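**Q** Single-letter residue listing:
There are 2 protein chains.
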Amino acid sequence: GRRNIAVCNCKGLAKLSTADAVEVKENGRSRHKILTLKTMNPQVKAVEYAVRGPIVIKAGEIEKELQQGIKKPFSEVIKANIGDAHAMGQQPITFLRQVVALCTYPELLDSPSFPEDAKRRAERILQSCGGHSLDTGAYSASQGLDCIREDVAMYMKKRDGGVPVDPNNIYLTTGASDGIANILKLLVSGEGNSRTGVMIPIPQYPLYSAAISELGAVQINYYLDEENCWALDVNELRRAVNQAKEYCDPKVVCLINPGNPTGRISTCSQREISVHFSTQCFFFFFLNKVYQDNVYAEGCQFHSFKKVLYEMGPEYFSSVELASFHSTSKGYMGECGYRGGYMEVIHLDPEVKAQLVKLLSVRLCPPVPGQAAMDVVVNPPQPGEESYEQFIKNGGIEIGNTGEKTFVTLSLFNMGRQLRINWAKAKCQSDFPNPVNTRFPNDLLKAHGMPPDMFYCMRLLEQTGICVVPGSGFGQKEGTYHFR
Amino acid sequence: GRRNIAVCNCKGLAKLSTADAVEVKENGRSRHKILTLKTMNPQVKAVEYAVRGPIVIKAGEIEKELQQGIKKPFSEVIKANIGDAHAMGQQPITFLRQVVALCTYPELLDSPSFPEDAKRRAERILQSCGGHSLDTGAYSASQGLDCIREDVAMYMKKRDGGVPVDPNNIYLTTGASDGIANILKLLVSGEGNSRTGVMIPIPQYPLYSAAISELGAVQINYYLDEENCWALDVNELRRAVNQAKEYCDPKVVCLINPGNPTGRISTCSQREISVHFSTQCFFFFFLNKVYQDNVYAEGCQFHSFKKVLYEMGPEYFSSVELASFHSTSKGYMGECGYRGGYMEVIHLDPEVKAQLVKLLSVRLCPPVPGQAAMDVVVNPPQPGEESYEQFIKNGGIEIGNTGEKTFVTLSLFNMGRQLRINWAKAKCQSDFPNPVNTRFPNDLLKAHGMPPDMFYCMRLLEQTGICVVPGSGFGQKEGTYHFR
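Those sequence lines, one after another, are chains A and B.
Residue 155 in UniProt numbering sits at position 155 of the first sequence, with consecutive numbering throughout.
Residue 86 in UniProt numbering sits at position 86 of the second sequence, with consecutive numbering throughout.
If we strip away everything but chain A, and leave its shape as in the complex, we get (with noise of 0.2 Å):
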């Protein structure tokens, strides 16, 4: 019987365990933890994440002091180190809020308090959703709603007057980076001279370098210019795939447009060198444009890349294959907390295609709450529909005006409410300032045992509440100092 079996079991084990415990120490594995600094793996822990870094953790103890009543010479913290909209006390779009609460709760489809177009709205999702369940309780499709990928495309073409976009080819995600980490998956390979190497701007939001090193891929760094308000210079893309090429296979660019940290909007001339760059050299283009509704100043337009490579002709377009990545976090409606957004993967290899719907299955798929946020953004109030003006009055924006300007950006809150009214009125001004080269005399930093941006950083928080992220989280020129 079963009970013999455990009793003799344990005999046989007792023999095993002597000889392993044996074993193990002359592995020289602590005899205490499996699982240590030195045991772990070495690609996570060479991950860093600045905007959840030290400054971000002192913050959060400042906060509790203000709360316990300790007094400071401010009221609160005001977290600037990331773009969250609503932390920094922006109201949701309440047009969202009611499709998506109709979503988890269908039996609100009954309730007059609810206007017909968000009721439409999410008729319309749970229709698509899985099983008998018409229901946000279901497992998606891994790829995400059939409804909601053909709202995107639709939302996608109209972005870029006309250019065809295939439902196929959009693949919804658990935010930006969960698309990201996932097509870079897709593309490291190879050892030692031949690893894949990622050309990332400096500088760039960590969470590229943290993809990076996680997958131990190479990172390639090529440098803004910040002297011209941070643009892309193309001797800089040359000077650093070329310097790569001895030690790895440099195989991904990544854009960042509008910039980030840098808040720089890309104009058409240095797109179209990147056109060149990619249609002649061969590179996997990794488009981050999670900031695409955040263009707000004067005379400043996003462009798709994809839309510019389109308009040079099928010699350039048919060729490329990128990626392109957005997000529900960021843009007019800053809905964070859903971890909603989506990709476009074009020209991929049909294989790989299959390899990369193999992939995203293991996960299941992206949260249903976050798909139906996702769909609002990219198909929301239409003038003449009845939540048309509730919805401007909340801050949204009309599609195809992506220009027009909107004090929902990432670059105001980072820098703290109190500028908002500078950046307003700055133009191509930079979003990643330098006031640390000069201010503090070496000695005192030395004193603090702190470089001078965190230092910087380190200061502004504990006298003026205000949490901003050195620039080293982002990479920055060796001797030069900025924040976030």
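Worth flagging that the hints you see were computed from the coordinates, not collected in a lab.
Remember, it's a predicted structure, so these values are computed and weren't measured experimentally.
A couple of the hints might just be wrong.
All copies of an identical chain are treated as equivalent in the list; a pair is satisfied when it fits inside any one copy or across any two copies.
[Said to hold, decoys possible] For lysine to aspartate or glutamate, the following EDC-like pairs were computed, each having C-alpha atoms within a straight-line distance of at most 16 Å:
| no. | residue 1 | residue 2 |
| --- | --- | --- |
| 1 | K353 | D166 |
| 2 | K64 | E76 |
| 3 | K185 | E214 |
| 4 | K119 | E386 |
| 5 | K38 | E191 |
| 6 | K477 | E107 |
| 7 | K33 | D146 |
| 8 | K72 | E462 |
Using the hints, position chain B against chain A.
**A** Just chain B now, with coordinates in the frame of chain A:
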């Protein structure tokens, strides 16, 4: 000015590009594709995930045919390939949806049509949300909202009869698979013979083998004893680990209890054996208990591995590193679409814990609606509360009564609803039957070019509309054939 820079950069690039084009050809990389099956990440290529594999694709095709009015011997496809209770027609728990809807659209807190206890839960969650928001639209802490982690700790403590739980060891996740992947990520290291080995039961739920492939760890199979109701046999564990030491460093043991796909509930004696195995051989334990609320057979009850360890005394308990995983997707609530989950990680080296928090912070936070859903799962309506009756009517269960029958179980749905009666009668019956060992003459199988289990599942699908998955997707002894 910028225009001039653009021009000169363009010229500069032209030279570069030609040179590159040649180099690229020399590297033998396809002129048209950077990313191909040949160049892609081989670890991703190695991933297998049957529960969304060819059978499921076929099921989707048949569903479309039914929609088009094509006649079949059945009127609907029963997707029994994956535990998705809502897709199988289960109604959601009203209380859970009310709380999540209230968190999504707090204006509803003023609505008389929502019960007070649901409003109290929602207000508490909103209070715990980030920054100024009191709103699910802001990122939460990467580890999850404090108040929900506290509720999880109370739930686990109650389930384990008072075994202490520290909320700081609780991490909210994007479903269980996200937690499993992240902890495994920490553990993978070493090259060749010292590469991390992970012991998994065969049959297993394929997210384990998928995560192992993706991370390039070494999969070590230990076979469950089919003749003994898929019991865990320590002699088999012993064989597996000793054999594995020749080609890797076995560091991790995964226990799936209740078993998936076997439906087996471990008995105490078996878990004591596992305890010896852990404390004397130093393994990091992965405990998958997502079906802990699905124990329905008379006389069977779920006992947590941690509780058994604890009761055996500090010499066992204090040294064992273990991570246990739970999810909103299974259990009586079956909320798959919200991607909610949590893990408890105990006795983790403090330095490694900091690394884990950093790793989680790169993905920012789990979806907040899923966190709210998780809160209701661990903190459901209590006797005397307004929503309690409705909750029980919905099929909810009282915490602590996890031994009582509930018919919302993976096994029932995975076997197709018409088999429910047999299953409810069944006591220690397997959830992973092998009816196909001798059913088909070999020549017939050869004619179809499929292994017997795949052939059986395809035929079952085409003739009855029931979609089950071949045993090969979960692992099975050579020459045996099963389905789930």
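**Q** Does each hint hold? Answer for all of them.
**A** Tested hints:
1. Taking CA atoms no more than 16 Å apart as the test, K353 paired with D166 passes inside one copy only; the shortest distance there is 14 Å, against 43 Å between copies.
2. For a Cα distance limit of 16 Å, the shortest separation of K64 from E76 inside one copy, 10 Å, qualifies, whereas the shortest one across copies, 56 Å, does not.
3. Taking the shortest alpha-carbon separations for K185 and E214, both the intra-copy value of 10 Å and the inter-copy value of 9 Å come in at or below 16 Å.
4. In this assembly of identical chains, K119 and E386 lie within 16 Å of each other by CA distance solely inside one copy; the values are 11 Å within and 28 Å between copies.
5. Proximity of K38 to E191 under the C-alpha cut-off of 16 Å is restricted to the inter-copy arrangement: shortest distance 14 Å between copies versus 23 Å within a copy.
6. When the C-alpha separation of K477 and E107 is checked against a cutoff of 16 Å, the pair qualifies neither within a copy, at 57 Å, nor between copies, at 49 Å.
7. Taking identical chains as interchangeable, the C-alpha atoms of K33 and D146 are never at most 16 Å apart, the minima being 47 Å within one chain and 27 Å between chains.
8. When the C-alpha separation of K72 and E462 is checked against a cutoff of 16 Å, the pair qualifies only within one copy, where the shortest distance is 8 Å, while the shortest distance between copies is 71 Å.
When the structure is compared with the earlier hints, violations turn up for hints 6 and 7 and for no others.
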